[in-house]
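Protein chains: 2
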Amino acid sequence: MSYTVSSNSVEPNPGSMIQEERRSTSFNVQKMFEFLEGSKQKAVDTLSIMQQLERDPILRTSLRYYEYGTEKHREETAAKISRMAQYIEKDAPDMQTFQNRLNLIAVVDPQLGTRIGVHLGLFLGAIRGNGTDNQFNYWAFERGAAYIKGIYGCFAMTELAHGSNVAALETTATYNRKRKSFIINTPHVGATKWWIGGAAHSATHTACFARLKVDGKDYGVKVFVVPLRDTAHMLQPGIALGDIGEKMGRNGIDNGWIQFSNVEIPKEYMLSKFATISDDGEVIEPPLAQLAYSALLGGRVTMVTDSFRTSERFITIALRYSVGRRQFKQGKAASNNKKMPQSESQIIDHPLHQHRLLPLLAWTYAMGIASNQIQSDYKATLSMLESGVRTQDMKVLGVAIKKLKQLFADSASLKSTCTWKCLQLIEECRQACGGHGYSAYSGFGKGYADHAVQCTWEGDNDILAQNAGRITVQQVAKMLKTDMKPTGNFSFLAGKSKIGHTIDAEDISDLSKLLLALETLICRLSSNCLDLLSKNEQNWDSISTEKKSLSHLYAIQYMLSKGIQRLTEMRQSNNGGINTPIKLLLSLFALSGIKEYADVFLQFDVLSTQTYAKLKERIGTLCLEIRPMVIGMTDSFKFSDFFINSVLGCYNGDIYNDYWKAVNSLNDAFDTKAPYSHDLEAMLKRPTVAQRENFEKGSKVLQKLSN
Amino acid sequence: MSYTVSSNSVEPNPGSMIQEERRSTSFNVQKMFEFLEGSKQKAVDTLSIMQQLERDPILRTSLRYYEYGTEKHREETAAKISRMAQYIEKDAPDMQTFQNRLNLIAVVDPQLGTRIGVHLGLFLGAIRGNGTDNQFNYWAFERGAAYIKGIYGCFAMTELAHGSNVAALETTATYNRKRKSFIINTPHVGATKWWIGGAAHSATHTACFARLKVDGKDYGVKVFVVPLRDTAHMLQPGIALGDIGEKMGRNGIDNGWIQFSNVEIPKEYMLSKFATISDDGEVIEPPLAQLAYSALLGGRVTMVTDSFRTSERFITIALRYSVGRRQFKQGKAASNNKKMPQSESQIIDHPLHQHRLLPLLAWTYAMGIASNQIQSDYKATLSMLESGVRTQDMKVLGVAIKKLKQLFADSASLKSTCTWKCLQLIEECRQACGGHGYSAYSGFGKGYADHAVQCTWEGDNDILAQNAGRITVQQVAKMLKTDMKPTGNFSFLAGKSKIGHTIDAEDISDLSKLLLALETLICRLSSNCLDLLSKNEQNWDSISTEKKSLSHLYAIQYMLSKGIQRLTEMRQSNNGGINTPIKLLLSLFALSGIKEYADVFLQFDVLSTQTYAKLKERIGTLCLEIRPMVIGMTDSFKFSDFFINSVLGCYNGDIYNDYWKAVNSLNDAFDTKAPYSHDLEAMLKRPTVAQRENFEKGSKVLQKLSN
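These protein sequence lines are chains P and L, in that order. Here our numbering is used: the first residue of the first sequence is 1, the next is one more, and so on. Here our numbering is used: the first residue of the second sequence is 1, the next is one more, and so on.
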């Protein structure tokens, strides 16, 4: 028997579209990569690290990774940590190269990044930030912690009942004068150290945050090195700890709880750069104690970079998919691929899809600019601070402290804004890939779950935004009261309270005018906050939603102003045609940022309703202008398939075949039956209800029973 | 040796605060429950079902559920399906009770809900919607599919390269006149049926969407019953299928792919309520063919209910936690618990936290109102439609079709708006629980991952919102052109285009004025769309962002108007004091809905900037008024700990002890070492680099090698 089956279906060929658009990219992708990385040299370094990582057999992260349970994740992560420890030795003493390496591997395996980040950034960072030089040298180099050798550290700050309010932690460190020691104790379940990464199975030591108590007097929270496990990796007496179990994401991290039951440590284990205790219990705290938490800043700065890198990864997947995928015909398609035979449009040619994804692409570039800037500020500030403390040069120290305060404001605003934006980006990109975005092999599911915690840890975003917003209001208050010009990144505030600037329709295409509008709004909203404060007995909680908006607006101002600066610096040189696309992206970033806060812009009359209508139109035309460059703009991230790790976003663009092959190789052909098939078959073949009840409700039985 | 450790820490007691607030609830929680469920009788029914479900040993869903891998989820889900099948027999012929049961169990085990929903709602729904009475009777009752007996169905609509654009599906069903049969064929990989729930391991039959082809002519997509597995549960020849593997969530579902290689089915397996084919291949399609997709509506309606139920669950967890958790002192705390000894504030007393959670509580109530309304509209419409088709009474049919169109618009708008809002709610609630929200045992992680797909499947939210927005614009166009009054749920449009209404400051507390403002905006924005369309050669894609806004605004208008209606109906009776809290919640819902679209309200001059400032203030005072009732308002959902299934949200409120005990019982005390400890120990104890390299880079060696 022969069937005559006619089929004129044409097999989709998404790869050809992606490759055609790649060929027609109008700018130099290498130059754009250098712009994103910050310099030509940094671009070379990044590529070289990427290549080493993706070729390393132990660091391999494949699609299988999305199928692992917690045990498998933990095992593999342990092996990867051990591998990364060898790279520290290789990179030493250049810790910056290792930090870049860590930031890059974290894109494809975030939990690995955290595992090492907790040890190097938090545990060793606390010792570096709060310990004396001798203390740091002992733990880091003599004992080997700097190379994850001899010591594996964790960071025991948060407790079950206390997270954001560090000053209210309840673990105690009571001084014992006779024995010149501290007794570390957990007073009740609520004070159990909680969420401690590395505690459950790994850490040999912890940087423990505890209330220093001497003769009943409470000196507030200080940091102590407390050994947890001995050289045989066995728990020390008095230490109780365990696994806090399954998490939303990052299950490769062995987060644990710790309870200290009167654990004695030598007096010398208190980190004493800012607070010292004499043998007979006198506590000396120089005014520099305010710097004690500076070690936490590094994490926030890293998270700006991580948000950038993670956004690079996921926007690439969504945009490649949106170029390769066709669905529905479009009225007036803006496609630049009129030659394609299929009649459905590429989904990126649907205006709504452009509105969905292209502002997020623009944000990704803006985050890259912010990441470069704050990383370099951080390094400069920290080294100035350390030299100031070491030399006790009060002038250097004064400048350093001012810079540190600026960094505190910048990092609070940028960490919260960027981690939130990145989370939104991952979810939006997932939805933009339709049903296939829900496949674990697309990478979005684990990507979202892994990134989500960035909005919470090392400074809850809501709290950080409150802090950043408060600083802005205070800067404006000081400026209005004292006529002192704000300095540093706040210098833009100067003079803005007096002018009555409003964006006009013709200003929409002028980046500097958009920046001015943002700055004007920040100033007006801050002034408004001051009015509200005076009405509400200076209760800062009464302006909490305004502070949150100010923090976001400050971040947008930061990114836009640094972006304009970079653009101005570049104008002199021949850049392979990247100036125009960058300008388009910055414009879209600025306009979409303003659109997000359009209600406030309109309310404070920085924007008229007529101009707002024009502004929305302009977003649409900007999307159309950027549209033909999306493949080039994402290729410019130079993420190989290893870093993308998604069936939907490979470089070749052969989406359906890649996906089809992956699904088939990962899931063995089902030739017999599933392990639970017997349950289903028994259900389908079950006897009738009457049979299963042995007919005991039948009329004959009931008749018998009625007599 | 004895230590003297002083500790004046007071153990936190969150339960006492929650219970005290529960005692002081100002309204009757039972009456509120009845309001939410729609009637006293429905409330009784819901409670009775809940009790049966939570006591059933096979349906048990515990904290362990959050630790399962895919295999375990699949196994347990199979056993639960089998158990639920027995409840169908028990509930029969009352399918509504079983549907309620399914909606409820889906709150705590969404994948189970989907598994059964695909069989009953999609597979059998397609047969009911597209088949003749005889066809439905055979497959549903004679063969037993209605009881998941004999037949397990799946729904083969989407393909690898086609999802939203159903009309462009590429699987073919070619008529073979000689054999009076259809040949079902998959022309290429892109046309592989994909995401088919139940296909990988379970289904015996599928409702297959394929292009009907007769003599080379394409009649578009029709539905065919295609057997996949025989009575021994073995694959039929010509059928290739497999598992599509790991997903972001709902891994208990065995989503699969199917390829048909010239599979022959009898002509009678085509579902032919709307399209018939004669033996010699003549295709007859009555004008009613437009109703062919009506079976999909049920899923959308169910998702409104599911968004409501899921929101009930997660807002309860976040609010109980926010009452029990203390963190930071507050300037002017709005706490109603001044007696508590601790000095930190309950986090719900921080204004920002109120702004974060209370509008979401208000949305939950609004979704409950919407769910009740659309469920009852759906039932009425479907039964009218079926009786119309059966009796061929054209008058009845005419009304039914009109109602069906209304339902299409309502469900498109509400499904997209509510599933999006619910997803946002879960994430916001997770973040509001700080670090602990990231624990899998909080329920948020799996809750988010499971719900996320609701925004994508059975009508992608972006597409549905486009459809709903377009209908609104068309209604306004018709009204302006013909002076015909819109009817049904669109009747509010009448007259709104002419008036120049703007909300004044004093209108903010008047629900009917807020409703009027919403309606005015919908009308103005629609008129604006008509202008834009005429400027853009009627290209509907040019107003896609506006259509999306219109869809959301329509949903808000729907919920608010139905809420006001319910409130008016209740005014006569004594309701245990629930009218005031409901009014407060509806006000907060309306204002926060307006705030979300404030830029559009301001742009179209329905709101002045002065009034907007007042409106934001009013949101703050509404939050303060609702604040003391949050425990009562969430207790009113009557979700027991079984349905909550979270360590952070138990009824007793003893958060820290519950969490501590759960973590300890789920994760065995770690007394020896982790399975991967050897890797870590080897790393910590590794020799120096020089040793590991056997000193082969040492100066002595190099000297030797240089000669």
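One thing to keep in mind: the hints can contain errors.
Each pair may be met inside one copy or between any two copies, as identical chains are not told apart.
What the hints assert, rightly or not - Listed next, the in silico BS3-like pairs over lysine-lysine satisfying Cα-Cα at most 27 Å (straight line):
#1 Lys697 with Lys478
#2 Lys616 with Lys595
#3 Lys379 with Lys329
#4 Lys217 with Lys329
#5 Lys31 with Lys562
#6 Lys395 with Lys217
#7 Lys90 with Lys638
#8 Lys149 with Lys217
#9 Lys267 with Lys149
#10 Lys535 with Lys595
#11 Lys217 with Lys40
#12 Lys673 with Lys72
#13 Lys402 with Lys481
#14 Lys72 with Lys614
#15 Lys697 with Lys149
It should be emphasised that the hints constitute simulated quantities derived from the structure, not laboratory data.
- Item | Violated constraints from the hint list, given by number and in increasing order | 1, 3, 6, 8, 11, 14
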